[in-house]
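Protein chains in written order, with the numbering used here: chain A, 27 to 255; chain B, 54 to 296.
No incorrect hints appear here.
Keeping only pairs whose Cα atoms sit at most 16 angstroms apart, straight-line, the calculated EDC-like set for lysine to aspartate or glutamate is: (1) B:Lys241 with B:Glu211; (2) B:Lys262 with A:Glu250; (3) B:Lys129 with A:Glu73; (4) A:Lys183 with B:Asp200; (5) A:Lys236 with A:Asp254; (6) A:Lys161 with B:Glu136.
Computed far set for chain B versus chain A, every beta-carbon distance over 10 angstroms: (7) Asp73; (8) Gln88; (9) Glu99; (10) Met106; (11) Lys160; (12) Gly164; (13) Ile195; (14) Arg271.
Partial list, computed: chain A residues near chain B (C-beta under 7 angstroms): (15) His121; (16) Pro142; (17) Val177.
No lab work stands behind these hints: they were computed from the structure. Note that CB positions come from ideal geometry on N, CA and C, so glycine has one too.
Spelled out, the chains give:
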Amino acid sequence: MSNTFEKAYHPKLLVLACAVMEREIIQFQNDQVEFKFFDYGLHRTPENMAKALQVEIDQASEENYDGIILGYGLCSNGIVGIHSKKKRLVIPRIHDCISLFLGSPESYEEQAKQHPGTYYLTPGWIEKGETPISKFNSYAQSYGEETARWVLHEEMKNYTRIVFIDTGVNDSEPYRKIARQNADFLGISYEGLKGSPKLFKDLVIGPWEKDILVLSKGQSVEQEMFLDL
Amino acid sequence: MIQRDRKNYSMEITPFSVGDEVEKTLCQLKQLVVQKDCNGVKTLTERMVKDGMDLFSILNRGLIPGMLEASDRFRKGEFFIPELLMSSRALKFGLNILRPLIQEIRKDVLGKVVIGTVKFDLHDIGKNLVIILLEGNGFEIIDMGVDVSPEKLVKAVEKNGAQILAMSSLLTSTMSWMKFTIELLHAKGMSRRVKTMVGGAPVTPIFAKNIGADAYCREATSAPSVAKKLLGIEENGQTVFAE
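Next up, chain B with everything else stripped away, as it sits in the complex (with noise of 0.2 angstroms):
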């Protein structure tokens, strides 16, 4: 186990068993997280990997629990714009990683998911989260940015065959075009073997049945399982984070 200065760990930590090590530094992981410590989480990353321990409990039992403390955070108004991206950033040093051991494990990718800000919409920063999470989880990525037209986002996952189309949006005002996209996909006949995946602060559940959507994603964090779920993909006993 890594000993680091007491000092960092001031926030309150996640009870673990006394003597379990493995839980005891995944814990400590995740604080990093929290406290957007990019070199303390890359230096435990990359010590963890040395150690063999399994890379998908570094990802969904570390990272991603800090992540997800992260938004929570930020939800409730304890964190604000900069700790959320420094949180993201931080995660992103970790995923670094991982990614390209995780790729050698399952060779192929998990699925392709075109993702967007909708039409009018420029805020990305959630957008750009659940890239990283995505692509640290196995699934290849067509970003196709933000303000994206309905026209260009069905284009794009009909070019490149993907599986999973996800829309982003913060604004209330631009929620809309999420509805006008699934319409049409629809109306292309692409609906069925195309799964829409929603998120982003002002999206409801109700909004995302609504107009439906084939799912919902309350944060980022989510967006990993959520994918899986909608292309049937088992977890192989993974901890789940979903809605």
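Looking at chain A on its own, in the form it has when it is part of the complex (with noise of 0.2 angstroms):
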């Protein structure tokens, strides 16, 4: 069976995804899909992202889906193990979802060889995420400034670029000012990228090959499956 979506089939697919990607995923929304969003900050504790995803599959497992799709990558093996014994799961074959934003993991690739130390920001990263403004605010309220300072440094002192990822879904002017702040903030430089949405239609609408790993049922997800050795 080819793992291209089949239109005439009409399968009903349900979208798990890190609310970081919202508006940037429910562009392909359509009648036969269904989406349910997470909070980002899954992405801290990787074990706790395989236990909520995995919970929310076995619930969805029980249901009249044909596939589960993932809006996550790899996330520091925090979807490493999750499996649905009855039905298909659908994976980005990417480590993170700057990959998602940029529209392949070639783009990303490229950018994180020439410019390791990158903070990426989008609108959702800035709306639902964690910009370095906003952890130092949160680190200043628990622990005071001065030490929300050297705790923002110790985390931040590699860092040498940030990019902000345009990923056309609104207005991006706003967005683009906090980026701007954010690298004013740090001291490092600033730089606005375009996105795509090609990863996003590919891995919603299909087709599913290439950077799109299609598991079949009882397959547990494997940190192998993404890396290129």
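Build the complex from these two chains, which are given one at a time in their own frames, with help from the hints.
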């Protein structure tokens, strides 16, 4: 059977995705696809991510879906071990969501090699995730400004660039401004990049090939599936 | 025993035998690391040294278990980056007192370790913690920093005559550079006399084995005992906190 989504088959698909990509991925909503979004904070604790997603997958496996799509990359092994006994799992073969926002793993790799110390921001990350400034404010609230400054320095000292990815889903100007403010706050350079919806589209609509993995029923996600060794 | 304000000890304390003041104090030291209390750790470590307590007990049964618990809490999502960094800083306050004293006893360094975060990876919180712990245990460290190419790492091993090459990575996208570095070590015919150890959040024992690493560190706190094992150094009855 082909991996490609076949319209004649009318499958019902469930997308489980991180909230930071809601605007970008929901563009490809149609009456065959349902979406469920999860707090971005799961990416900080990979063990919790796997548990939270597995609970949803187990529940969805009992329902009338034809397949489950994950709006997650390998995310620091956060999806390792995830499986569905009854449904196919469709997953982008990427390390993290930046490849989705940029449109391909190759675009991300090119950026990562040229500027490894890049902190990426998107409208979703700014709205629902975190930024260096929001981190600082949260640290300062818990531990005072002096400690917050030290912690943020330790965490961010090797970063040299903030990149704002314009994903084109809304007026990007306010977000671009925030991204610039973050670069100024850290005293590092700023760059704007144009995103691409291609990988989001491939993930939800198909074709499921090249950068999209399709796991058969019962098959678990393994780290090796994402590595080029 | 040092008395401190009770309100500082609201966290769960590991049980100890009643009347065992040494255990009780070690337990307090551990909790102070978990509680990120730099001055508390400094004061208590100084006091323990002054009281003639065994330096390796202070290290391996007080400070390191405290850091181990902080790391565990981080993994479980109970601690975040700030808490982990602050515990690590508290640990450093204690180790700064112990290190010169341990060096006096040992005289010679246990071994030379070249360490670095691999190519295209800028994350060094875990690596820096490993450095603190290895130095505290008597290893000499050559820190190559972050985003270090296989060539630079192997060259540093060669130049310094290091026995261990330690590599860290926080990204699944950069882990492969550990493999490339180990391959280069093999290609240069150095893999027999140089042992490799790898670690970092996404690194698994299977991955470490697949790329031919000699050892895997599940967390920074296990680095000293793993490094000692690699060099065949006896732990002298000290508690081992390996994988």
